[in-house]
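K.L.:
Residues per chain are reported as follows:
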Amino acid sequence: MADQVLDAKGLNCPLPILKAKKALKDVPAGGTLEVQSTDPGSVADFEAFCRTTGNELLESKTEDGVYVFLIKHTS
Amino acid sequence: MPEKTNAKSMSIIVTKGSLDWAYPPFILGTTAAAMGLDVTMFFTFYGLGLLKKKLDLQITPLGNAAMEMPMMGGHMTMPNLMGVVPGVDRAATVMMKNLIKKKGVASIEELREAAVESDIRMIACQMTLDLFEYKREDLIEGHELGGAATYIDSATKSDINLFI
Chain E
0 MADQVLDAKG
10 LNCPLPILKA
20 KKALKDVPAG
30 GTLEVQSTDP
40 GSVADFEAFC
50 RTTGNELLES
60 KTEDGVYVFL
70 IKHTS
Chain P
0 MPEKTNAKSM
10 SIIVTKGSLD
20 WAYPPFILGT
30 TAAAMGLDVT
40 MFFTFYGLGL
50 LKKKLDLQIT
60 PLGNAAMEMP
70 MMGGHMTMPN
80 LMGVVPGVDR
90 AATVMMKNLI
100 KKKGVASIEE
110 LREAAVESDI
120 RMIACQMTLD
130 LFEYKREDLI
140 EGHELGGAAT
150 YIDSATKSDI
160 NLFI
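Chains E and P, in that order, are what the protein sequence lines are. Numbered by numbering that gives the first Met the number 0, the letters in the first sequence go through residues 0 to 74 in order. Numbered by numbering that gives the first Met the number 0, the letters in the second sequence go through residues 0 to 163 in order.
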């Protein structure tokens, strides 16, 4: 279970990333954030976001047409 | 200031103020800020209008030859000439705003708010302000005034410099 869950379903680029960044501020270092998105572009974007920011993408999967990302807040 | 995880920075020259052209600079600026970059946006010429407190952005098919709107499963092209017909710009703008809402795309107001929140440095071009006779009070809080040298100073220190 993630420490926090962000429902970004129905939102388009760049809103899932912007909202995730905002949500991460409330996740303590070492904690995790789950992001749910329906934007197919977010699969590549969350990978890139984590690579650049240094946060860890623990999981990236698709569940019933929803893209689910588990991000560990490391920086 | 937002937490920075790397020392990268980006600058964008924003020169266009129509609804469609307002998207690239605000999307890239806010996303870069979310990814920890220091972002500077320099608003000049028609781009300066994007800093006005009250936005009423329009779109036009005129000179926009590649513009296509999804319609009834296909795409409707907008002949260049259509742009001179009264009401066509308004109709195209309404159509675009409806699409934006339907597809969950952020409004420019929303993105601009995100830009302010993420401490993007926003420079309003002093010359443009004079040229088009805008008043500083017409612009949103948080901008600063500057000219070409102010921008160049920022650009020489930036990893990414974009002109949009």
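Rather than coming from a laboratory, the hints here were simulated on the basis of the structure. We put the beta carbon where it would ideally sit given N, CA and C, even for glycine. Mixed in with the good hints, there may be bad ones.
[Claimed, not checked] Far from chain E by the CB rule (all over 10 Å, computed), these chain P residues:
(1) Ile26
(2) Thr29
(3) Gly103
[Unchecked claim] Pairs of lysine to aspartate or glutamate, EDC-like flavour, derived with a Cα cap of 20 Å:
(4) Lys52(P) x Asp118(P)
(5) Lys18(E) x Asp158(P)
(6) Lys18(E) x Glu109(P)
K.L.:
Taking the hints in turn, state whether each one holds.
P.N.:
Consistency of the hints with the structure:
1. Ile26: Check fails; 5 Å does not lie beyond 10 Å.
2. Thr29: Given that some Cβ of chain E is not farther than 10 Å from that of Thr29(P), nearest at about 6 Å, it is violated.
3. Gly103: violated (4 Å)
4. Lys52(P) x Asp118(P): Given that 20 Å is the threshold and the Cα spacing comes to 17 Å, the pair holds.
5. Lys18(E) x Asp158(P): Given that 20 Å is the threshold and the Cα spacing comes to 25 Å, the pair is violated.
6. Lys18(E) x Glu109(P): holds (12 Å)
The structure fails hints 1, 2, 3 and 5 (numbered hints given earlier, in ascending order).
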